[in-house]
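Chain by chain, the residues:
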Amino acid sequence: MPRPGSAQRWAAAAGRWGCRLLALLLLVPGPGGASEITFELPDNAKQCFYEDIAQGTKCTLEFQVITGGHYDVDCRLEDPDGKVLYKEMKKQYDSFTFTASRNGTYKFCFSNEFSTFTHKTVYFDFQVGEDPPLFPSENRVSALTQMESACVSIHEALKSVIDYQTHFRLREAQGRSRAEDLNTRVAYWSVGEALILLVVSIGQVFLLKSFFSDKRTTTTRVGS
Amino acid sequence: MAAEQGVRCVRPPTGTGLGGMMRTLLLLLWFAARASALYFHIGETEKKCFIEEIPDETMVIGNYRTQLYDKQREEYQPATPGLGMFVEVKDPEDKVILARQYGSEGRFTFTSHTPGEHQICLHSNSTKFSLFAGGMLRVHLDIQVGEHANDYAEIAAKDKLSELQLRVRQLVEQVEQIQKEQNYQRWREERFRQTSESTNQRVLWWSILQTLILVAIGVWQMRHLKSFFEAKKLV
Numbered sequence: 001m002p003r004p005g006s007a008q009r010w011a012a013a014a015g016r017w018g019c020r021l022l023a024l025l026l027l028v029p030g031p032g033g034a035s036e037i038t039f040e041l042p043d044n045a046k047q048c049f050y051e052d053i054a055q056g057t058k059c060t061l062e063f064q065v066i067t068g069g070h071y072d073v074d075c076r077l078e079d080p081d082g083k084v085l086y087k088e089m090k091k092q093y094d095s096f097t098f099t100a101s102r103n104g105t106y107k108f109c110f111s112n113e114f115s116t117f118t119h120k121t122v123y124f125d126f127q128v129g130e131d132p133p134l135f136p137s138e139n140r141v142s143a144l145t146q147m148e149s150a151c152v153s154i155h156e157a158l159k160s161v162i163d164y165q166t167h168f169r170l171r172e173a174q175g176r177s178r179a180e181d182l183n184t185r186v187a188y189w190s191v192g193e194a195l196i197l198l199v200v201s202i203g204q205v206f207l208l209k210s211f212f213s214d215k216r217t218t219t220t221r222v223g224s
Numbered sequence: 001m002a003a004e005q006g007v008r009c010v011r012p013p014t015g016t017g018l019g020g021m022m023r024t025l026l027l028l029l030w031f032a033a034r035a036s037a038l039y040f041h042i043g044e045t046e047k048k049c050f051i052e053e054i055p056d057e058t059m060v061i062g063n064y065r066t067q068l069y070d071k072q073r074e075e076y077q078p079a080t081p082g083l084g085m086f087v088e089v090k091d092p093e094d095k096v097i098l099a100r101q102y103g104s105e106g107r108f109t110f111t112s113h114t115p116g117e118h119q120i121c122l123h124s125n126s127t128k129f130s131l132f133a134g135g136m137l138r139v140h141l142d143i144q145v146g147e148h149a150n151d152y153a154e155i156a157a158k159d160k161l162s163e164l165q166l167r168v169r170q171l172v173e174q175v176e177q178i179q180k181e182q183n184y185q186r187w188r189e190e191r192f193r194q195t196s197e198s199t200n201q202r203v204l205w206w207s208i209l210q211t212l213i214l215v216a217i218g219v220w221q222m223r224h225l226k227s228f229f230e231a232k233k234l235v
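Going down the list, the sequences are from chains Z and S.
Each residue of the first sequence is one higher than the last, beginning at 1 in the UniProt record's numbering.
Each residue of the second sequence is one higher than the last, beginning at 1 in the UniProt record's numbering.
Simulated from the structure, these hints should not be mistaken for lab results.
Among the clues, some could well be false.
Simulated pairs of lysine-lysine, DSS-like, Cα-Cα distance not exceeding 30 Å [said to hold, decoys possible]:
| no. | chain 1 | residue 1 | chain 2 | residue 2 |
| --- | --- | --- | --- | --- |
| 1 | Z | K159 | S | K180 |
| 2 | Z | K107 | Z | K83 |
| 3 | Z | K91 | S | K158 |
| 4 | Z | K209 | Z | K159 |
| 5 | Z | K159 | S | K233 |
| 6 | Z | K90 | S | K47 |
| 7 | S | K48 | Z | K90 |
| 8 | Z | K46 | S | K160 |
| 9 | S | K226 | Z | K159 |
| 10 | Z | K209 | S | K226 |
| 11 | S | K180 | S | K158 |
| 12 | Z | K46 | S | K233 |
| 13 | S | K48 | Z | K58 |
| 14 | S | K48 | Z | K107 |
| 15 | S | K180 | S | K90 |
| 16 | Z | K209 | S | K47 |
| 17 | S | K47 | Z | K46 |
| 18 | S | K90 | Z | K46 |
| 19 | Z | K87 | Z | K58 |
| 20 | Z | K107 | Z | K58 |
| 21 | Z | K159 | Z | K87 |
| 22 | Z | K159 | Z | K58 |
Now the stretches of chain Z that chain S is said to cover, found in silico as 3 or more residues with beta-carbon under 8 Å [to be verified]:
| no. | stretch |
| --- | --- |
| 23 | 91-104 |
| 24 | 164-171 |
Here the structure is a predicted model, which means the values were calculated and not measured.
Ideal Cβ placement from N, Cα and C applies to all residues, glycine included.
Extracted from the complex, chain Z is given alone in its bound form (with noise of 0.2 Å):
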């Protein structure tokens, strides 16, 4: 806790202003953030993201299709000009990490419309820069305590642990998905081929039985 009669001096003297400028630093956009999303991707559809990006900003693009056909998808990263940073055709997972070497407006679009009845499900990662830090204006010419450097480092290793984790996830999602794709198909398939087979092995015998009595009447004709 800070000394209370310095802060409050302090938030006497400035006090309409910093909130001014608070309000200020809220309106110019974030220093960054991560946008996490799982969206279904129809068959022949294409679908687009955009952002803007500040220049200079090191942007990361991960994606991973979670069900779905052969669990692959077409990718592509665009910058402002409609340059292609980066394009892949049936990728079921990647990860792209690039520098905006300009502002504007960037696109990343997720293509299945090599597909023409499986629907997608499609999963990404967007991180844009870092992530915006617990107090907007965090002054951070002053140095961490050991305490709050402790903190930062075990904030930052329990988000590579969630991190893990949802890759975790996905691959278990992706797994149960094609195992229940399998337990059906397993039962369609077992019914199906009992069916076919009380069918066959029954119309083989009546076909059988109807060559027979045409060739009786035959011979009994002959022998006549």
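Take the given structure of chain Z and dock chain S to it, following the hints.
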């Protein structure tokens, strides 16, 4: 610390209603800055669905902001107040837990009560087709789940926490989220194992059944044909 000072400066010594208004304005600005993140285009009758696979008792906050293409100015302008978005949230059992219409700019919140895949669907409520006029609606969307949904500025103000205390609180929330996710993971792995074992059982029973069917059919075929040929005096 800054949050405390922020609180002190929005509650001036005079104690007028201006403090509350400023605070609301700051919160709105904060949300506005957060919400202008990623955006996509949506057609008039199009419905866009997003999936969130979350453990139970997890809060999800979604912020969205819409913009309509203005042909005269050839740029995207904030949508007219009449144009809203209909938000529908379904839980893993396909039961609707939130179905509400919001304005052109809105914030929806829900807490999951069952773990699993929740589906968030958005579509515009536009009935006047002239509003879109062949254009697309631009939707800025930001979905925060679990610990990310926490408003730390508000928590710091409400519980009067110092910077260190707030950081520790954030760590505690993060760890709780990890714990919930691990729990959910255990439940899902069990389901996965059940599915695999069911497939295994089905394949096993099917192969035994198939062998029995084949043998039975073979026997029936031979007996039937034998009696048929004996009747026809061919054997």
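A quick look at each hint next to the structure:
Only pairs whose Cα atoms come within 30 Å are accepted, and K159(Z) paired with K180(S) is accepted, the gap being roughly 15 Å. Restraint check: the Cα-Cα separation between K107(Z) and K83(Z) comes to about 10 Å, which is no more than 30 Å; the hinted pair holds. Straight-line distance between C-alpha atoms of K91(Z) and K158(S) comes to about 47 Å, which puts the hinted pair past the 30 Å bound. The suggested pairing of K209(Z) with K159(Z) is violated, with an alpha-carbon distance near 75 Å, which exceeds 30 Å.
Distance check on the hinted pair: K159(Z) and K233(S) sit about 86 Å apart at the alpha-carbon level, beyond 30 Å; violated. Between K90(Z) and K47(S) the CA atoms are separated by roughly 25 Å; this keeps the pair inside 30 Å, and the hint holds. Proximity of K48(S) to K90(Z) is assessed by CA-CA distance (about 23 Å); at most 30 Å being required, the pair is judged to hold. Annotation: proposed proximity of K46(Z) to K160(S) is violated, straight-line Cα distance about 48 Å (limit 30 Å).
The suggested pairing of K226(S) with K159(Z) is violated, with an alpha-carbon distance near 76 Å, which exceeds 30 Å. Restraint check: the Cα-Cα separation between K209(Z) and K226(S) comes to about 11 Å, which is no more than 30 Å; the hinted pair holds. For the hint linking K180(S) to K158(S), the alpha-carbon distance of about 25 Å falls within 30 Å, and the restraint holds. A hinted pair counts as satisfied when its Cα atoms are at most 30 Å apart, and K46(Z) with K233(S) does not qualify at roughly 71 Å.
For the hint pairing K48(S) with K58(Z), the CA-to-CA distance comes to about 29 Å; that is within 30 Å, so the pair holds. The hinted pair formed by K48(S) and K107(Z) meets the criterion: a straight-line CA distance of about 18 Å does not exceed 30 Å. For the suggested pair K180(S) and K90(S), the alpha carbons sit about 20 Å apart, so the restraint of at most 30 Å is met. Of the pairs offered as hints, the one joining K209(Z) and K47(S) is violated, with about 59 Å between alpha carbons and a cut-off of 30 Å exceeded.
At roughly 14 Å between alpha-carbon atoms, K47(S) and K46(Z) fall within 30 Å of each other, so this suggested pair holds. The hinted pair formed by K90(S) and K46(Z) meets the criterion: a straight-line CA distance of about 24 Å does not exceed 30 Å. For the suggested pair K87(Z) and K58(Z), the alpha carbons sit about 18 Å apart, so the restraint of at most 30 Å is met. For the proposed pair K107(Z) and K58(Z), the alpha carbon gap of about 15 Å is at most 30 Å, so the pair holds.
The suggested pairing of K159(Z) with K87(Z) holds, with an alpha-carbon distance near 28 Å, which does not exceed 30 Å. Note on K159(Z) and K58(Z): the hinted pairing holds, with a Cα-Cα distance of about 18 Å set against a maximum of 30 Å. Note: the stretch 91-104 of chain Z has 0 residues with beta-carbon separation from chain S under 8 Å; the three-residue rule is not met and the coverage is violated. A stretch counts as covered by a chain when three or more of its residues have a beta carbon under 8 Å from one of that chain; for the stretch 164-171 of chain Z and chain S the count is 3, and the coverage holds.
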